[in-house]
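Undergrad: Protein chains in written order, with the working numbering: chain A, 1 to 221; chain B, 1 to 221.
Since the hints were made in silico from the structure, they are not lab data. Check each hint, because a few of them may be wrong.
[Unchecked claim] Heads up, incomplete: computed chain A residues facing chain B, CB under 10 Å, no partners named:
#1 Glu18
#2 Leu43
#3 Trp64
#4 Phe83
#5 Gly104
#6 His107
#7 Val145
#8 Thr149
Since the model is a prediction, treat every value here as computed from it, not as a measurement. We put the beta carbon where it would ideally sit given N, CA and C, even for glycine.
There are 2 protein chains.
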Amino acid sequence: MSVVDGHGADATHPPGSELERFTAVLRRLINQGVHTSASPQLLDGAAAALEVVAGQLEPVTPPWAPSVPAFYEGMKPEDFFPFSPMIGRYNALAPPVTVEVVDGAVHGTGNLDAAYEGPPGCVHGGVIAALFDELLGVANISAGVGAMTGTLTITYRSPTPLQSDLTFYAKVLGVEGRKVRTMGTIHAGDRLCAEADGIFILVDHSRFLTHTETRGGGRDS
Amino acid sequence: MSVVDGHGADATHPPGSELERFTAVLRRLINQGVHTSASPQLLDGAAAALEVVAGQLEPVTPPWAPSVPAFYEGMKPEDFFPFSPMIGRYNALAPPVTVEVVDGAVHGTGNLDAAYEGPPGCVHGGVIAALFDELLGVANISAGVGAMTGTLTITYRSPTPLQSDLTFYAKVLGVEGRKVRTMGTIHAGDRLCAEADGIFILVDHSRFLTHTETRGGGRDS
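Using the sequences plus the hints, can you model the full thing?
TA: Have a look at this one:
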């Protein structure tokens, strides 16, 4: 399988379990960083060790260039955006959220750690908004109407707890002309934490290609 | 200065330049991870080296517990949320965004790297939504009306370019009863990329304290 998504390893080295291991330990370090009591000496040593690793990766990491997502028939939703900052398996910014599509609707689960905190004990409202944008987008692609976000409205109903099992839901409500209307919810158990209402704009795929080539990216073959 | 914000090093080791160095190299590794062409062998070695560091931090990183943000008179806006996933200097999830308050309005600048990509060459719409939630929140606190997000509506006007200098703006439009109305914009040069309209709900600070203590957190002294 060829994974591009505007990122990613080249054809010689497709992303695999090693990149997954690298991403997993980065997530662990990110979460440690926001609540460690390590001494300045230990932190300095840790930073120095990480700088050595970054220095090793530097010569084998080409300058970033955008490329076009490779969607194909029968693709699993978790493969839509493997490098996404929201749900990407290979992006350490993304919290561990898993998604599947059942009867045309997106069902997701996740448990967000310390680094995603906003109000005390709760997931940051911005993280919630970001997850909705992504999950509504996955619902659109799953329904064959992948589109750009036009307007996204998030309504926060109750606190979204940190370090708790959350469930996500998203589905397309309808398509009218170039507009796709999509909704989503986040629950903690039976409690509704937040809901989203999005209007997405269908964009011709050729515009994506033109845009990407203008920005210096290439098509994966 | 005591920095709490629901996270952070203990009083013996307040966050400083060492944690900033640690966070900076984590950001570098996160961005490398999404577009490196490193071989599986190199990635495995890199992951192993990072696991050693995570193992060293483990015994000096207490279990996460929520605590209450310590706002004080004359505080700079970048100190409101030092561990925030959106603009936190000490949270590697946060892109490098700097903010200041001029005449009661929040002005920010930032340049987002590969890990924040959504559409080819563009900042992820979810990241944009997340930044707005945070920056509108900073505007509220700066105006003395810090509040919880009720409804946040983002309108995407044009693509927000990656690896380009962006400017952020947010200000409170008015307060009516317990509702705070706040707006924001993101520009790339003179071009409007996205705008936000938020309704925030004023919450009694004592509810924060109660909530935090219920969740097992403590007040910083």
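Undergrad: Return the status of the interface hint for His107 (chain A): holds when the least beta-carbon distance to chain B is below 10 Å, violated otherwise.
TA: Not OK, violated: His107 (chain A) not within 10 Å of chain B, min 18 Å.
Undergrad: Go through the hint on Trp64 (chain A) and say holds or violated, using the shortest Cβ distance to chain B against 10 Å.
TA: 4 Å, holds
Undergrad: Identify whether the interface hint at Val145 (chain A) stands, where standing means a beta carbon of chain B within less than 10 Å of its own.
TA: 15 Å, violated
Undergrad: Regarding the hint that Glu18 (chain A) lies at the interface with chain B, is the smallest CB-CB distance below 10 Å?
TA: This hint holds: Glu18 (chain A) lies near chain B, its Cβ roughly 4 Å from the closest one there, short of 10 Å.
Undergrad: Hey, does the Gly104 (chain A) contact hint survive, CB to chain B under 10 Å?
TA: 22 Å, violated
Undergrad: Using Cβ atoms only, decide whether Thr149 (chain A) comes closer than 10 Å to chain B, and label the hint accordingly.
TA: 4 Å, holds
Undergrad: If you take the shortest Cβ to Cβ gap from Phe83 (chain A) to chain B, is it below 10 Å?
TA: 5 Å, holds
Undergrad: Hey, does the Leu43 (chain A) contact hint survive, CB to chain B under 10 Å?
TA: Holds, about 4 Å.
Going through the hint list in order, the structure does not satisfy hints 5, 6 and 7.
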